[in-house]
Amino acid sequence: MGKVYTLSEAISKFVHNGDHICFGGFTTNRKPYAAVREILRQGLGDFIVEAGPAGGDWDMLIGEGRVKAYINCYTADSGVTNVSRRFRAAYEKGELVMEDYSQDALMLMLHAASLGLPFLPVRLMQGSSLTDMWGISKEVRKTIEKLPDDKFVYVDNPFNPGEKVVALPVPQLDTAIIHVQKASPDGTCVIEGDEFHDVDVAVAAKNVIVTCEELISNEEIRLDPTTNRIPPFCVAAVVHCPYGAHPSQCYGYYDYDNPMLKEYGAASKTDEDFKAFLDKYVYGVKDHYEYLDKIGASRLLKLKTVPGYGYAATVK
Amino acid sequence: MSDMRSEMQAYTIARMIEKNQVVIVGTGLPLIGAIMAKKVFQPSCTLIVESGLMDFNPLETPRSVSDLRSMSRCAVPCPPYRYLGFQANELLHNSKRLIGFIGGAAVDLYGNVSATYIGGDYHHPKTRFPGSGGANGIASFVNTIIMMQHEKRRFVKKMPYITSPGWLDGPQSRAGAGLPPNRGPMAVVTDLGVMRFDEQTKKMYLAGYYPFTTPEEILANTGFPVDVSRAEPLPPPDEESIRILRSIDPTRIFLK
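Protein chains in written order, with my numbering: chain A, -8 to 307; chain B, 83 to 338.
Because the hints were derived from the structure by calculation, they are not lab data.
One thing to keep in mind: the hints can contain errors.
[As the list claims (entries may be wrong)] Derived BS3-like pairs: lysine-lysine, alpha-carbon spacing no greater than 27 Å straight-line:
| # | chain 1 | residue 1 | chain 2 | residue 2 |
| --- | --- | --- | --- | --- |
| 1 | A | K155 | B | K208 |
| 2 | B | K234 | A | K129 |
| 3 | A | K84 | B | K234 |
| 4 | A | K271 | A | K253 |
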């Protein structure tokens, strides 16, 4: 049982100030929100962030000034906010050090990290400002230890002379945090539905924290390994954390809490309302279970996915 | 009729999708149009999204490209890198079946799109947007239809920051930039009409307008002069099509 931790223990042991870090999930789906709230409570920050398709998770950390450098490809709670509002405000005020890649490039960079590739040649981003302009200059990059000095470099395709391709750096992640449906004490993980980049970052990162809807035995999880996605030796900490992705979705378990996403969308418009939101839902609760109490049992139960639909539908 | 702008756009999109096409959709009106095409006009088309959900056919409107409303009813939930590999391989195979819908904050004369910012400059933007998402890759490798709100500030003559490359500076420029020259923007669908790109010059022109708009109104809302001599009236959706569109998005998440 050596890898099973409380959320508070896992975050304090495996997340450090200044970590190069990536969260799993995709905008409003299977985001490790409980871990995000615990990171906020513990005051951790100075992160170098591979954001991937981000939403409220990184928006809250940006809004609280916990991000030293942000590698962006897309940041919004799709269908609720067309752009994450703290992210926008911080960048427009010049307070966020940020680089832009295409989502394609970033997802492939994370995959390349999982494959152990030395660098990643792609045909992406050519002819666009994603190559012409750098969000973080070479000079600034040299001052940030965990960022490569170059956003990318052009190289010749060795197998097709004359063809220029974009060589991208492969991130070296300290920490990955993902939320999965099931995990066992040894760290084996079940992911149902789209894995997104979760498996990639779990293989690539030095320290991996998994929060899970259900903690099941090492024997049970091996009875049918078809939905097992991450082997035990890739995982440092397993945290039993039901509704740990709330207010985002979790395939087979619950839908997004759209009123909550809207409440955050509205609150994150101003500094004052944003602070009040965090005081209520993050700093005003001791842990994830107090958070669930605050949300309320009936509200959580109404989010449960309906078999045959896969989301919180009214059965007709 | 002007309160039907979003229905008109979604309907116009639905009619653009052809038999057997594989359609890359995100959210918004392209999704509503593509779902209608799948249900009504072109049941042989398949819908895919950049999160990796392949051949989805939702019962209820998805709000995001990773929504369970798409995931729970797709053929295969591929990891995103597999979607990216598929997109690239379609080009390597010179397949003609892929079409992509992209959005953005602004578009220029040659169909170059910014989804990154408008106003100010890149490092000091007046209004910052979420960033590329999958649109850069789609615009690089796939024929695209661009969605845009038809406002002067969004139709700029020359894009200062290109998130998603269009025809760049004209006919030869994609090849020069390392992009496939036989892929690029086909149309811009807006709340006022449809722009297309001249085959020779690759410059945007007005191809169609809606029953509630005029070429003059569109010109007045475009930040640069365009040829309107080829503009034709576009057919409005009939009552049944409107009913279907509204049944796809009954709570009007994207239909306004």
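Worksheet item: So which of the earlier hints does this model not fit?
Response: Hints 1, 2 are the ones this structure does not satisfy, whereas the remaining hints hold.
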